[in-house]
Amino acid sequence: MTHRPHVLVTNDDGIDAPGLLALAHTACEQGYDVTVAAPHQQASGSAGGLTMFLVDERIEVSHRRLPGLPGVEAYSVAAHPGMIALAAVLGRFGPVPDLVLSGINEGSNLGAAVLHSGTAGAAMVAGAHGVTALAASLHLDFELEEPPADGSARYWGTAADVVGAILPKILSADAGSVFNLNVPNLPTEETRPLVGAAWTLAGTAPTLLPFIADFDRRAAALPVGNLSAPGIKIIDGSDIAEVRNGHPTLSLLQWRGDTAIDWIE
Numbered sequence: 004m005t006h007r008p009h010v011l012v013t014n015d016d017g018i019d020a021p022g023l024l025a026l027a028h029t030a031c032e033q034g035y036d037v038t039v040a041a042p043h044q045q046a047s048g049s050a051g052g053l054t055m056f057l058v059d060e061r062i063e064v065s066h067r068r069l070p071g072l073p074g075v076e077a078y079s080v081a082a083h084p085g086m087i088a089l090a091a092v093l094g095r096f097g098p099v100p101d102l103v104l105s106g107i108n109e110g111s112n113l114g115a116a117v118l119h120s121g122t123a124g125a126a127m128v129a130g131a132h133g134v135t136a137l138a139a140s141l142h143l144d145f146e147l148e149e150p151p152a153d154g155s156a157r158y159w160g161t162a163a164d165v166v167g168a169i170l171p172k173i174l175s176a177d178a179g180s181v182f183n184l185n186v187p188n189l190p191t192e193e194t195r196p197l198v199g200a201a202w203t204l205a206g207t208a209p210t211l212l213p214f215i216a217d218f219d220r221r222a223a224a225l226p227v228g229n230l231s232a233p234g235i236k237i238i239d240g241s242d243i244a245e246v247r248n249g250h251p252t253l254s255l256l257q258w259r260g261d262t263a264i265d266w267i268e
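Here the numbering used here = 1-based position in the sequence shown + 3.
It is worth saying that the hints were derived from the structure and are not from the lab.
All C-beta atoms in this analysis are idealised placements derived from N, C-alpha and C, irrespective of residue type, glycine included.
Keep in mind that a hint or two might mislead.
If you anchor each label on the Cβ, the simulated ranges turn out as follows [said to hold, decoys possible]: (1) N248 - G167: 33 to 39 Å; (2) H66 - A156: 29 to 35 Å; (3) P98 - P196: 31 to 37 Å.
Throw the hints in and build the complete structure from the sequences for me.
Take a look at the structure:
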């Protein structure tokens, strides 16, 4: 019997986020055995934290049914995504997953933002325990030539299409590999080809600015102007540079060894 890969889908935007649903649909369309477990509420900025919210000394977990996915086990979990990923690799949501998919995040995870991201954090927790993982994000900092009047367009389908195209390669990567995907918020036909890009801490993505402003209501006194483009130096070939040119970017999140992705031309 052919082994059907078991995929755990999580995020940091919460169980009701549209990006989570798009990612789960994509994994199901690939024919994988999918389980969804996501935070019961917004958990952005939680990195790989293991925070949990206990009720009678247990993490509160409730079953959910997701639209269009009647056969998929889905759980709303009162914990941060790092804790959910850890529980998954310990077999608490069925079989130990062959792959953890985290996202699709509403906002990019580039540069130093990766260090704080719950989306990337879940993927890195999985990778640290030997399970291959992909963090996927929608790069909302990309400026559309003709943005919608209400500014609400989210091209989840574009990001989902990119994820679907690369999933077989991701699954065949070395166990414990952690990939970071950022897709421009553009219609599929306006998106340029996927490129492999280096993850670098040079420059802070604008994604971090709302967190900084929220931390200190006197944000005008903070040097936020030095953190956002064009005041930061962007390294050619980095994920930040390439996604701003309209390319989906795929990077390896690791601090040792070769970070080249040899199957992207």
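Here is what the structure says about each hint:
1. N248 - G167: 33 to 39 Å: 22 Å, violated
2. H66 - A156: 29 to 35 Å: 32 Å, holds
3. P98 - P196: 31 to 37 Å: Given about 35 Å between the Cβ atoms, the range holds.
When the structure is compared with the earlier hints, a violation turns up for hint 1 alone.
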